[in-house]
Amino acid sequence: MKQTLVVIGNGMVGQNFLAGLVAAANGQYNIVTFCEEPRPAYDRVHLSEFFSGKTAEDLSLVEDGFFANHGITIHLGDRAVTIDREAKTVTSAKGVAVQYDKLVLATGSYPFVPPVPGHERKNCLVYRTIEDLEAMTAAAKTGKIGTVVGGGLLGLEAAKALKDLGLETHVVEFAPRLMAVQIDEAGGAVLRRKIEALGVTVHTNKNTSQIVDGDTCVNKMCFADGEELETDVVLFSAGIRPRDDIARSCGLEIGQRGGIVINNQCQTSDPDIYAIGECALWNGMIFGLVAPGYAMARTVIAGLTGGEASFTGADMSTKLKLMGVDVASIGDAHARTQGAMVFTYQNGASEVYKRLVVSEDNKRLLGAVLVGDANEYGTLLQYCQNGIELPENPDSLILPRLSGEPAGLGPDALPATAQICSCYEVSKGAICSAIEAGCTTVNALKAETKAGTGCGGCVPLLKSVLNCELAKHGYEVNTDLCEHFAYTRQDLYNLVRIGEIRTFDELLAKHGKGHGCEICKPAVGSILASHWNDYILKQEHLGLQDTNDTFLANMQKDGTYSVVPRIPGGEISPDMLIAMGQVGKKYHLYTKITGGQRIDLFGARLEQLPAIWKELIAAGFETGHAYGKSLRTVKSCVGSTWCRYGVDDSVGLAIELENRYKGLRSPHKIKFAVSGCTRECAEAQGKDVGVIATENGWSLYVCGNGGMKPRHADLFATGLDKETLIKYIDRFLIFYVRTADRLQRTSVWMENMEGGLDYLKSVVIADKLGLCDELEQQMARVVDTYQCEWKTTIENEDKLKRFRHFINSDQADDNVVFVEERGQIRPANADERKHFKLVEVA
Amino acid sequence: MVWFDACAVEDLQPNSGVCVLVQGQQVALFYMPATGSVYAVQNFDPFGQANVLSRGLIGDIGGQAMVASPLYKQHFNLETGVCLEDGTVQIRVYPVRIDNHRVYVGITGQAS
Numbered sequence: 001m002k003q004t005l006v007v008i009g010n011g012m013v014g015q016n017f018l019a020g021l022v023a024a025a026n027g028q029y030n031i032v033t034f035c036e037e038p039r040p041a042y043d044r045v046h047l048s049e050f051f052s053g054k055t056a057e058d059l060s061l062v063e064d065g066f067f068a069n070h071g072i073t074i075h076l077g078d079r080a081v082t083i084d085r086e087a088k089t090v091t092s093a094k095g096v097a098v099q100y101d102k103l104v105l106a107t108g109s110y111p112f113v114p115p116v117p118g119h120e121r122k123n124c125l126v127y128r129t130i131e132d133l134e135a136m137t138a139a140a141k142t143g144k145i146g147t148v149v150g151g152g153l154l155g156l157e158a159a160k161a162l163k164d165l166g167l168e169t170h171v172v173e174f175a176p177r178l179m180a181v182q183i184d185e186a187g188g189a190v191l192r193r194k195i196e197a198l199g200v201t202v203h204t205n206k207n208t209s210q211i212v213d214g215d216t217c218v219n220k221m222c223f224a225d226g227e228e229l230e231t232d233v234v235l236f237s238a239g240i241r242p243r244d245d246i247a248r249s250c251g252l253e254i255g256q257r258g259g260i261v262i263n264n265q266c267q268t269s270d271p272d273i274y275a276i277g278e279c280a281l282w283n284g285m286i287f288g289l290v291a292p293g294y295a296m297a298r299t300v301i302a303g304l305t306g307g308e309a310s311f312t313g314a315d316m317s318t319k320l321k322l323m324g325v326d327v328a329s330i331g332d333a334h335a336r337t338q339g340a341m342v343f344t345y346q347n348g349a350s351e352v353y354k355r356l357v358v359s360e361d362n363k364r365l366l367g368a369v370l371v372g373d374a375n376e377y378g379t380l381l382q383y384c385q386n387g388i389e390l391p392e393n394p395d396s397l398i399l400p401r402l403s404g405e406p407a408g409l410g411p412d413a414l415p416a417t418a419q420i421c422s423c424y425e426v427s428k429g430a431i432c433s434a435i436e437a438g439c440t441t442v443n444a445l446k447a448e449t450k451a452g453t454g455c456g457g458c459v460p461l462l463k464s465v466l467n468c469e470l471a472k473h474g475y476e477v478n479t480d481l482c483e484h485f486a487y488t489r490q491d492l493y494n495l496v497r498i499g500e501i502r503t504f505d506e507l508l509a510k511h512g513k514g515h516g517c518e519i520c521k522p523a524v525g526s527i528l529a530s531h532w533n534d535y536i537l538k539q540e541h542l543g544l545q546d547t548n549d550t551f552l553a554n555m556q557k558d559g560t561y562s563v564v565p566r567i568p569g570g571e572i573s574p575d576m577l578i579a580m581g582q583v584g585k586k587y588h589l590y591t592k593i594t595g596g597q598r599i600d601l602f603g604a605r606l607e608q609l610p611a612i613w614k615e616l617i618a619a620g621f622e623t624g625h626a627y628g629k630s631l632r633t634v635k636s637c638v639g640s641t642w643c644r645y646g647v648d649d650s651v652g653l654a655i656e657l658e659n660r661y662k663g664l665r666s667p668h669k670i671k672f673a674v675s676g677c678t679r680e681c682a683e684a685q686g687k688d689v690g691v692i693a694t695e696n697g698w699s700l701y702v703c704g705n706g707g708m709k710p711r712h713a714d715l716f717a718t719g720l721d722k723e724t725l726i727k728y729i730d731r732f733l734i735f736y737v738r739t740a741d742r743l744q745r746t747s748v749w750m751e752n753m754e755g756g757l758d759y760l761k762s763v764v765i766a767d768k769l770g771l772c773d774e775l776e777q778q779m780a781r782v783v784d785t786y787q788c789e790w791k792t793t794i795e796n797e798d799k800l801k802r803f804r805h806f807i808n809s810d811q812a813d814d815n816v817v818f819v820e821e822r823g824q825i826r827p828a829n830a831d832e833r834k835h836f837k838l839v840e841v842a
Numbered sequence: 001m002v003w004f005d006a007c008a009v010e011d012l013q014p015n016s017g018v019c020v021l022v023q024g025q026q027v028a029l030f031y032m033p034a035t036g037s038v039y040a041v042q043n044f045d046p047f048g049q050a051n052v053l054s055r056g057l058i059g060d061i062g063g064q065a066m067v068a069s070p071l072y073k074q075h076f077n078l079e080t081g082v083c084l085e086d087g088t089v090q091i092r093v094y095p096v097r098i099d100n101h102r103v104y105v106g107i108t109g110q111a112s
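Chains as they are written, first to last, in our numbering: chain F, 1 to 842; chain H, 1 to 112.
Keep in mind that the hints were calculated from the coordinates and are not lab data.
Nothing here was measured: the structure is a model prediction, and the numbers come from that model.
Do not rely on the hints blindly, as some may be mistaken.
[Unchecked claim] The calculated lysine-lysine pairs, modelled on PhoX-like cross-linking and capped at a C-alpha distance of 25 Å, are:
1. K614/F to K463/F
2. K54/F to K761/F
3. K73/H to K557/F
4. K513/F to K73/H
5. K586/F to K801/F
6. K801/F to K791/F
7. K73/H to K321/F
8. K463/F to K319/F
9. K220/F to K538/F
10. K614/F to K163/F
11. K321/F to K513/F
12. K73/H to K709/F
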């Protein structure tokens, strides 16, 4: 008979254990698991992303149907409360009793709340579960100031969350520096300055003595040194404690300061009961990271499936981005090893701090600390973990490389056994085999080997192994735009900009070959339009445009066009509506409301377009650029003008934004939306640029998308006044225009950007590249040179000549046939066409 | 084969196309100034089933002059009419002659 395995706890480690076990055990066990939270495992490491737009679903670590597909019984929202080791039974809070043959405890930890008087007051919260995040969100709605107690790794993550919620943020730390466990004093000082530069106030050497009623805020923290701090929200992040209560009450051995004691096989004092993750105490140590928890899970899986494995401690090296600041700690960061020598590099201007801890003989790397720039993390970790002999001058590994030579250790220097991903223990050898088997992208490698899908710290190294191996196999990663240009779109943009090239022919003569094609012509046409903003039907640009741009309308399946006048912000007067209705009626056009809050008129023949537009322009309309890769619409809700809940004038801002950016040619279409409050009726978080009004100013979201591949936009900045908002959007858009690939929406552009959202912020907000002035000036030029292309066209008799079906006849295309449906026209289908064609000709 | 006067040379669009009606047939004319070539092919797109090829982008692929359908982007060789994506599909091509600033299209099997 099958043995029953019970797993208590479905956190990151519990889930990792289940996934590994079902892959290895081949149905050997009947598996039952208890999860006290209302939802199965999610990614706690990236919890703060909940505030930059990710949902609970995005954070989930459980594939759809995982439990059902593997026959696992999960009791969600039900906590296991007792273990009867005699009867080998687990009983839950809801009274479910399950007999086990083997039992795995993955109960995790709970946040430690210092027992200071007042710690249970209103808005005194912890940061551990999605429910905690929801409580924070609720508390932040009415508060202005938030304080994190604890300046460790989690505390700084929590501080980022408070900041994302728009609160003035403080961090209170008992120790004299931040991240005291992982980094040394000098590194802590650099980190502190960087964090403070981001607008977070750091208080070190602060011992909270009590929390009482605030004078100006909900709470007031009183410190042992007599100082006080008014704050609305208090977030405790002062370390974790193992959840060992259930083990304790059934008599398992517990460490003096808590934690379920385990041996090298992760067995507790009862050999049928295992403990893994943050609840387990191995060799006197609790491991508060996921990688050691995963290593314990692998050990238990091996034990349960007849293999042999031992847990022998774990590497506590970490690399993370705390509020946009890179911080990494490797091995013996504090140089506690006998005879260890230390090298440090500090660049005061750019606030970079690096420290190497090296063995007495100068040959082995024992540890390292990196603050402000952690690019060398991957290389240093390899030196440290694989015992690779250091170069003659170890400090060369952390000194800036001025000559541009590649960073220290190339992937070729790594042995096949070198561990690239420590979360999933993936070796370089395993990655190379996956590449041999056909994985040619980082995403394919992630899917195949899981490398890079844990903390993500190894992704740059993964990428360099991939590139190195591909090059060895003779693959050339071809990023050419097409056969006519051996450049990427970004390269071509730079060639146009720096070479001041104004035509396709000039660019082709200088940098390309052949005559061009339907890939490069529109791409270059778009680049020229973005940069110089000429009239797109100028003779030298005419042949570059797709048919939609050539005729300033959208070609439909039967060769007729649709016409979309601009309706900024979706606001339209009755008179304008009537005027548009009259045009639709006069030319028998099919009329439909679009998703972007405007009106599309279908079924216009090529030769009708000029007449239709003369009437529309006379009525006050402008072109809507529905045909272009350019700004489409700025959708809005009605906002504070009418809405009971509105916080600000979303329609007014939408109209202003639409009028500012209309006509900007870009790599792909761009959609905006503005919502007047956080109810978000304009769906701004699904747009390339989304703006939401809050009590503290405008919140800016970027790189969202609906359509085929929906992407929730990222929160980019909060509490903005209109001037700053527009400045950021100017910079963002031009940076996108300059650097995206052809037909790449902002969402995909963001997904592929190295450094992601933080990098984009560093460019657009912190002006890391020193480009912001230039980006703004370029946008100003585009805005100043705007023209309604239809107005220009109908005033130019020469251009109108092309708007005929035949250049030598006034006849119409007899292949265009409409029938009526629901009182409007539509293109005839093949059967109808046979019949109606006769009617048409007659 | 009979030559028919289709339009004036000035009616052609450099690096682009126009459509002419010749003997009841819709003919797309393309002018590539870089090589001095004028091409004539049927205007009907066999994939999209619409008269739109004259509004496609032109250029070259692997050294062959081509037009890309504006509807679904298939390429047609402007000299042979063969579709680059599907060799079994071929559109009609017409000979072209320039004479005295007029463009003539040659049509076979047709009396003048």
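Okay, the hints, checked on the actual structure:
Among the hinted pairs, K614/F with K463/F is inconsistent with the structure: their alpha-carbon atoms are about 55 Å apart, more than 25 Å. With a C-alpha separation of about 18 Å, the suggested pair K54/F and K761/F falls inside the 25 Å cut-off, and the hint holds. Distance check on the hinted pair: K73/H and K557/F sit about 13 Å apart at the alpha-carbon level, within 25 Å; holds. Straight-line distance between C-alpha atoms of K513/F and K73/H comes to about 22 Å, which keeps the hinted pair within the 25 Å bound.
Our distance criterion of 25 Å between C-alpha atoms is met by K586/F and K801/F, whose separation comes to about 22 Å. Straight-line distance between C-alpha atoms of K801/F and K791/F comes to about 15 Å, which keeps the hinted pair within the 25 Å bound. Simply put, K73/H and K321/F have alpha-carbon atoms about 44 Å apart, too far for the 25 Å limit, and the pair is violated. Between the alpha carbons of K463/F and K319/F the distance comes to roughly 17 Å, so the proposed pair stays at or under 25 Å and holds.
Using a Cα cut-off of 25 Å, the hinted pair K220/F and K538/F is violated, with the two alpha carbons roughly 67 Å apart. With a CA separation close to 52 Å, the supplied pair K614/F and K163/F exceeds the 25 Å bound. A distance of roughly 44 Å separates the Cα atoms of K321/F and K513/F; the hinted pair therefore is violated under the 25 Å criterion. Between K73/H and K709/F the alpha-carbon distance is near 22 Å, which keeps this suggested pair within the 25 Å criterion.
Violated hints, listed in ascending order, are 1, 7, 9, 10, 11; each of the other numbered hints is respected by the structure.
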